[in-house]
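**Q** Sequence lines, in order, name chains A and B. Taking the working numbering, I'd label the letters of the first sequence as residues 1 to 97. Taking the working numbering, I'd label the letters of the second sequence as residues 1 to 149.
Hint data in this document are derived by calculation from the structure and do not stem from the laboratory. Heads up, some of the hints might be wrong.
[Said to hold, decoys possible] With a cut-off of at most 25 angstroms between alpha-carbon atoms, the simulated SDA-like pairs for lysine to any residue come out as follows:
| no. | chain 1 | residue 1 | chain 2 | residue 2 |
| --- | --- | --- | --- | --- |
| 1 | B | Lys7 | A | Glu17 |
| 2 | B | Lys11 | B | Gly29 |
| 3 | B | Lys42 | A | Tyr13 |
| 4 | A | Lys84 | B | Thr97 |
| 5 | A | Lys36 | B | Glu107 |
| 6 | A | Lys84 | B | Glu117 |
| 7 | B | Lys42 | A | Ser21 |
| 8 | A | Lys50 | B | Asn106 |
| 9 | B | Lys42 | A | Gly48 |
| 10 | A | Lys84 | B | Ser18 |
| 11 | B | Lys145 | A | Glu17 |
| 12 | B | Lys42 | A | Leu89 |
| 13 | A | Lys50 | B | Gly88 |
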Amino acid sequence: MRYNYENGKLTIYLEEELDISSCKVVRGIIDGYIMKYQPYELVLDLAGVKFMDSSGIGLIIGRYNLIKLLDCKMTIVNAGDNIKRLIELSNIKLECV
Amino acid sequence: MEENYIKIEIKPIIENISPARLCITSFLGNMDIHLDELMDIKTALSEAITNAVDHAYDNPQLLDKIDIETRILRDDKVKITIKDYGKGIEDISLAMTPAYTSKPENEHAGMGFTIMESFMDEVIVDSVVNKGTTIVLTKNIRKRKTNKS
Numbered sequence: 001m002r003y004n005y006e007n008g009k010l011t012i013y014l015e016e017e018l019d020i021s022s023c024k025v026v027r028g029i030i031d032g033y034i035m036k037y038q039p040y041e042l043v044l045d046l047a048g049v050k051f052m053d054s055s056g057i058g059l060i061i062g063r064y065n066l067i068k069l070l071d072c073k074m075t076i077v078n079a080g081d082n083i084k085r086l087i088e089l090s091n092i093k094l095e096c097v
Numbered sequence: 001m002e003e004n005y006i007k008i009e010i011k012p013i014i015e016n017i018s019p020a021r022l023c024i025t026s027f028l029g030n031m032d033i034h035l036d037e038l039m040d041i042k043t044a045l046s047e048a049i050t051n052a053v054d055h056a057y058d059n060p061q062l063l064d065k066i067d068i069e070t071r072i073l074r075d076d077k078v079k080i081t082i083k084d085y086g087k088g089i090e091d092i093s094l095a096m097t098p099a100y101t102s103k104p105e106n107e108h109a110g111m112g113f114t115i116m117e118s119f120m121d122e123v124i125v126d127s128v129v130n131k132g133t134t135i136v137l138t139k140n141i142r143k144r145k146t147n148k149s
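The task is simple: from the sequences and hints, build the whole structure.
**A** And the structure:
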């Protein structure tokens, strides 16, 4: 998992499969970066994600609940069609690009 | 499609979810199924196995395994049966309510059954407390990866 921090914007590039196993690991790493940089905007880039289930939805909702405490906004980019369907099904009202 | 099946048995630990998912999608990938429908099945299957691994086995006395049987039926149906021998579900309709989770502290979205029901044509849940839960997922295959004339 790569990340980039620039001018208050933290971008996380998620990879491979987001299921219960990988989300447990990734969650701690992302939260570490959020606490370290306290960004104004968090971008989750899903271009590298080949598979995601409801654990990935839980990961997104959990990060959103954390960053809204920091007055930060969140954007999800490059979600594939399958992932978009999951996000829509979960009724997440985010700025989904 | 020709009738075919594969049966696997896994130890219920989260590390085994990804290999089980890959095994079954690889089996189905040999059939003439469009990638979109294969991904639907893969996602629903992942939800069902994750439920069994994550919820069924708090009690070490219970039989510690999950059986997964995947069948291709002659009338172009895929039927996957996920059977655990764990603690069972006390209230199935509550468990199937969208956004309900018995473990909110673990950041679960509570969307497992909703996803199964959206991505498959039929979801049957049969559960007996302290005996286990069986989930049967069925999908009618409509889209092909090859264009037959």
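**Q** None of the hints should be skipped; say for each whether it holds.
**A** Now the hints, each set against the structure:
1. Lys7(B) / Glu17(A): Since the Cα atoms of Lys7(B) and Glu17(A) sit roughly 24 angstroms apart, the hinted pair holds (cutoff 25 angstroms).
2. Lys11(B) / Gly29(B): Answer holds: Lys11(B) to Gly29(B) is near 24 angstroms, not above 25 angstroms.
3. Lys42(B) / Tyr13(A): 23 angstroms, holds
4. Lys84(A) / Thr97(B): 21 angstroms, holds
5. Lys36(A) / Glu107(B): Between Lys36(A) and Glu107(B) the Cα gap is close to 21 angstroms, so the pair holds against 25 angstroms.
6. Lys84(A) / Glu117(B): 17 angstroms, holds
7. Lys42(B) / Ser21(A): Measuring from Cα to Cα gives roughly 16 angstroms; hence the hint holds.
8. Lys50(A) / Asn106(B): Given that 25 angstroms is the threshold and the Cα spacing comes to 23 angstroms, the pair holds.
9. Lys42(B) / Gly48(A): 18 angstroms, holds
10. Lys84(A) / Ser18(B): 21 angstroms, holds
11. Lys145(B) / Glu17(A): Holds, at about 23 angstroms.
12. Lys42(B) / Leu89(A): At roughly 16 angstroms apart (the allowed maximum being 25 angstroms), Leu89(A) and Lys42(B) satisfy the hint.
13. Lys50(A) / Gly88(B): Roughly 32 angstroms separates the two Cα atoms, so the pair is violated.
Taken one by one, the earlier hints fail for this structure only at number 13.
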